[in-house]
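Using the sequences plus the hints, can you model the full thing?
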Amino acid sequence: MKKSLLLLFVGLCTITFGQDSLKVLFIGNSYTYANDLPGTFMQIANAMGDYSFVDSKTNGGYTFQMHSQDLVTYQKINAQDWDYVIIQGQSQEPSFPFQQVNTQSIPYAMQLADSVYANHDCAQVNYFMSWGREIGDPQWDSINTFHKMNARLRDAYLRIADSSMASVSPVGSAWRYVRETQPNIQLYVGDGSHPSVAGTYLAASVFYVSLFQKPISPNLSYTAGLDAVTAQFLTDAANLVVLDSIDTWMLTHPDSLTQTDLTAQAGGIPGGYLFDANCSHCDQVTWDFGDNQFGTGLQVAHTFATGTYWVSCIASGPCGQAMDSVQITVGVNDVSEMGVPISIHAIGENQWSLKGLNLPINELTAFDYSGKEIAIQRLNASEGNILFALNTPLAIIRLNGDYYRLPIRVGE
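Heads up: the sequence shown begins at 16 in our numbering, then just goes up one per residue.
Everything labelled a hint here was simulated from the structure, so no lab data went into it. Check each hint, because a few of them may be wrong.
Listed next, the in silico SDA-like pairs over lysine to any residue satisfying Cα-Cα at most 25 Å (straight line) [to be verified]:
1. Lys163 to Thr118
2. Lys163 to Asn117
3. Lys229 to Asp136
4. Lys38 to Gly75
Label-pair restraints from in silico Cβ distances [to be verified]:
5. Asn293 to Ala62: 36 to 42 Å
6. Trp325 to Asp251: 39 to 45 Å
7. Ser36 to Ile150: 56 to 62 Å
8. Asp206 to His162: 53 to 59 Å
9. Asp298 to Thr196: 45 to 51 Å
For clarity, every value in this text was computed on a predicted model and none was experimentally measured. Every residue, glycine too, gets a C-beta built ideally from N, C-alpha and C.
What follows is the structure in C-alpha cells.
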C-alpha cells in the first residue's frame with residue numbers, strides 16, 4: 016500500500032505468500048462428528064486442489080468447560096503446529112442468557128484458545144458458529160424458534176471470538192440463508208437438531224471458504240453424494256455468506272497474520288519525522304527512508320532534506336511479513352542549498368566546529384529530532400568558524416531564520 020502525506024499517515028498493508036495447505040484441528044461434539052465434518056472439509060479442499068491435514072477431538076454433548084478439563088483435548092492441541100483449531104461448544108450453550116454465557120462458556124472458550132496460542136505462535140482459533148434447531152428450543156421463549164435461537168448463537172459466538180482474539184466460521188448464518196432461500200433442502204435429520212448430509216456439506220463448505228478465504232469453484236467434483244444442483248447451491252451459499260462479511264467474522268488468512276499499522280508524524284522541526292510501526296506477529300522491523308538511510312525498530316526518528324521520499328517499513332516474524340509505504344514531502348533545506356559549503360565536525364567530547372565560507376552567524380540555534388531546542392555553549396567564533404558545545408546529538412540547525420540539516424562528520 017502506498018499513501019502520500021505532508022503531516023500524518025496511518026495505513027495498513029500486508030504481504031502474502033501463496034499457501035495452499037492447512038493443518039486444522041476440530042474440537043467439538045456430535046455436530047462436528049456427524050457425517051464426518053472434518054473429512055468432508057478435507058474432501059472439498061482436495062477437490063479445490065488444496066491440501067489439508069485434519070484431526071479431531073469430539074465427544075457427544077461436550078461443552079467448552081468439558082473440553083477445557085479434558086487432558087486428551089490438550090494433547091490434541093499440542094500434537095501439531097496447527098494453522099487453525101476449530102472449537103465448538105455444546106449446541107445450546109451459546110444460546111443461553113447473556114450472563115450465563117459470560118460465566119459458563121466464555122472463560123472456558125478463552126482457556127482453550129490460550130492453549131492453542133501457547134502451542135504455536137501462528138495458530139488461529141476459529142469458533143464453529145453452529146445453527147439453531149429446526150423449531151428452536153421449545154423450553155425457552157427467548158429461543159423457541161429457529162430464528163431466535165440462531166440469532167442468539169450468532170451473537171454469542173461473535174462475542175466469544177472477540178474475547179479470544181479469534182474468528183468464526185458462520186455456519187449458522189449460511190444455514191439461515193439456505194432455509195430462507197431454498198427451504199426444500201433438508202439440512203436436518205429427523206431430530207431437528209443434527210445435520211443431514213446436506214447440512215454437513217454446507218458446514219464444511221463454510222469452513223473451507225472461511226479458512227482458505229477463497230470461493231469454492233462452480234461444479235465442484237466432490238458433492239458428498241448430493242445431486243449437483245443442491246451441492247452447487249450450498250457452496251454458493253457458503254461463498255456469499257463468508258466472503259461478503261470477512262471483517263464481521265474477524266477472519267485473517269494465515270499468510271496475513273503478520274500485520275503492521277504505521278503512523279508517520281511530523282516532528283517539531285522542518286524535516287523531522289517520527290515513525291511508529293504497531294505490528295502483530297512480528298519480531299523485526301526495518302525501515303528504508305528513501306534517501307539511502309535505513310533504520311530498525313518499532314519507533315524510529317529521521318530528518319529529511321528538502322524533497323519527496325517514499326518511506327518503506329517491513330515487519331517480519333515467524334508468520335510472514337507485512338509492508339507499508341508512506342510518501343513524505345518536506346521543505347527543510349540541505350546545506351548545499353545555502354550556496355556555501357558548510358560542515359560540522361566533532362572536535363572533542365560534546366564539542367563541535369561549524370565551518371563554512373562567509374558563514375552567516377547572526378542566529379544559530381540547534382534542535383533535536385523532536386523539535387526541542389538544544390542549548391548551545393559558544394566556545395569561540397571567527398570568520399567562517401564557530402566552536403560550540405552540545406549535550407544532545409544535533410539533528411537540525413537554524414541560521415538566520417532558515418532551517419538546515421547538516422551532515423555530521425567525526426574528526427577533521
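Status of the hints after comparison with the structure:
no., hint, in the structure
1, Lys163 to Thr118, "holds (21 Å)"
2, Lys163 to Asn117, "holds (19 Å)"
3, Lys229 to Asp136, "holds (24 Å)"
4, Lys38 to Gly75, "holds (23 Å)"
5, Asn293 to Ala62: 36 to 42 Å, "holds (40 Å)"
6, Trp325 to Asp251: 39 to 45 Å, "holds (42 Å)"
7, Ser36 to Ile150: 56 to 62 Å, "violated (41 Å)"
8, Asp206 to His162: 53 to 59 Å, "violated (19 Å)"
9, Asp298 to Thr196: 45 to 51 Å, "holds (47 Å)"
Violated hints, listed in ascending order, are 7, 8; each of the other numbered hints is respected by the structure.
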